[in-house]
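Here are the chains, one letter per residue:
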Amino acid sequence: MELHLLLLFMIVGALIAVEAKDLLSSVVAVGAVGFALCLAFLILKAPDLAITQLVVEILCLIILIRATLRKDLPLVIKGRWFFNTLGTLAFIAVFLFFAHTALQELPGFGHPIMAVVKRYLQQGTAQTGAVNLVAAVILDFRAYDTLGEATVLFASVIGIMAVLRRPGRIK
Amino acid sequence: MMNDPKIGMSLIVKTVTRLTVGLILLFGIYIVLHGHLSPGGGFAGGVIIALSFVHLMLAFGKDVALKKLSKNLASNLESIAALMFLSIALFGFFGGAFFSNIINKGVPFQLFSAGTIPLSNLAISLKVGVGLFAIFLALVILEESKRK
Amino acid sequence: MTLYLLCLALFCVGLYGVLRKRNLVKIIIGLGIMEYAMNLFFILLAYRYHGRSPIEAQDQQILQMVDPLPQALVLTSIVIGLAVTALVISIAIRIYEKYGTFDITEIKRLRG
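Protein chains in written order, with the working numbering: chain A, 18 to 188; chain B, 84 to 231; chain C, 19 to 130.
FYI, nobody ran anything at the bench for these hints, they're computed from the structure. Even for Gly, the Cβ is constructed at its ideal location relative to N, Cα and C. One or more of the hints may lead you astray.
Said to hold, decoys possible - Pair by pair, the computed Cβ-Cβ distance ranges are:
#: 1; chain 1: B; residue 1: L106; chain 2: A; residue 2: E19; range: 27 to 37 Å
#: 2; chain 1: B; residue 1: G189; chain 2: A; residue 2: T118; range: 49 to 59 Å
#: 3; chain 1: C; residue 1: Y67; chain 2: A; residue 2: A116; range: 46 to 56 Å
#: 4; chain 1: B; residue 1: L94; chain 2: A; residue 2: A110; range: 53 to 63 Å
#: 5; chain 1: C; residue 1: Q76; chain 2: B; residue 2: F176; range: 33 to 43 Å
#: 6; chain 1: B; residue 1: G189; chain 2: C; residue 2: R112; range: 14 to 24 Å
#: 7; chain 1: B; residue 1: V99; chain 2: C; residue 2: Q82; range: 35 to 45 Å
#: 8; chain 1: B; residue 1: N155; chain 2: A; residue 2: F100; range: 51 to 61 Å
#: 9; chain 1: C; residue 1: I98; chain 2: B; residue 2: I107; range: 22 to 32 Å
All chains should be built: construct the whole structure from the sequences, respecting the hints.
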């Protein structure tokens, strides 16, 4: 029940974030959505993710606020407003219909399949020595995932340094 | 430089920052070192370490934070952390496979246990923390150079 | 089932923001909301009734745990999401510097 309430809160916050006229208030609304997501992780028994989501959300808010500060711009709506909105809503309706059809095939909420994980849960602590099974999966059983993540982060830092460097001399 | 009233935020923010920033860094290191025993781990701890430097920079201006951790040092540390993680992975070839956990596992629920997992946590936290700090530094330096 | 549909509705709100808004920061916010919905969907799939968080306790045997595998995947995805958001924001700042606006139709018009 509390998950339903949290999800409704997140949807309302996301709608405010998308529709608000002021950029700063829309950034604050997306921060509220992120903190509600942190609470949802905590209810769904994922404390690692809750900690990570909390600190990442704070850093994301700082970066977004620094980017949007003193750069406000009035939102002008003109042109084929009605037609475009109708087209987008129709696309979303089709998406939701097919998603509903696909969701019938998934296992119900609260009854996961757990075919792969059964071995990790039984032998994880004995094989790796780590008590936190998420750490055991992320750094021992499936460490290639973490290696790929490190590569993506490295590429992203290089990209940001290249995009934001000071402009050089023009010949 | 730290008490210059023209740079950074007000006196209250500066005093509170001076008291708390060390504790935040210490909490990040605790989260990293206990990553295999309790919730947390390299990612969360690294972001907390980056946040402590970002906190310093927001309160005192960029020069104080750059004196603690300059841009070149940040770039070099990130590369070193990436190489560290890769060498931990390659080290597993002594046990027969990439990423093989060959160090003695020890007793569970002890701080020094679980083989290579705490070492990998350290490498990842260094990489994530310094990388995110470098991202924030690049954004701030751009703003400063534009204002001149 | 209702939870899955609500999660997909959150995804659709982000999709609406990406498709319909003309401000670059609004598009980035829409991308972030889509990422939140996707992470939440993974964790909803992993939940188990009366399960406990996947950490062993010292003096008791825990019989039922939630699925740790999607949690491990999402843990990397969150940090990658932050890096991607920072990259897109830096590109948006460069565009603002060059064109003086966040409006994507203006940017298209001013090219060349």
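Comparing the hints with the structure gives:
1. B:L106 with A:E19: 27 to 37 Å: Distance hint for L106 (chain B), E19 (chain A) holds at roughly 32 Å.
2. B:G189 with A:T118: 49 to 59 Å: Holds: the Cβ-Cβ distance is about 51 Å, inside 49 to 59 Å.
3. C:Y67 with A:A116: 46 to 56 Å: Since the Cβ atoms of Y67 (chain C) and A116 (chain A) sit about 24 Å apart, the hinted range of 46 to 56 Å is violated.
4. B:L94 with A:A110: 53 to 63 Å: Given a distance of about 56 Å, which is inside 53 to 63 Å, the answer is holds.
5. C:Q76 with B:F176: 33 to 43 Å: holds (34 Å)
6. B:G189 with C:R112: 14 to 24 Å: violated (50 Å)
7. B:V99 with C:Q82: 35 to 45 Å: holds (44 Å)
8. B:N155 with A:F100: 51 to 61 Å: Holds - the Cβ-Cβ distance for N155 (chain B) and F100 (chain A), about 54 Å, lies within 51 to 61 Å.
9. C:I98 with B:I107: 22 to 32 Å: Cβ of I98 (chain C) to Cβ of I107 (chain B): about 24 Å, so the range 22 to 32 Å holds.
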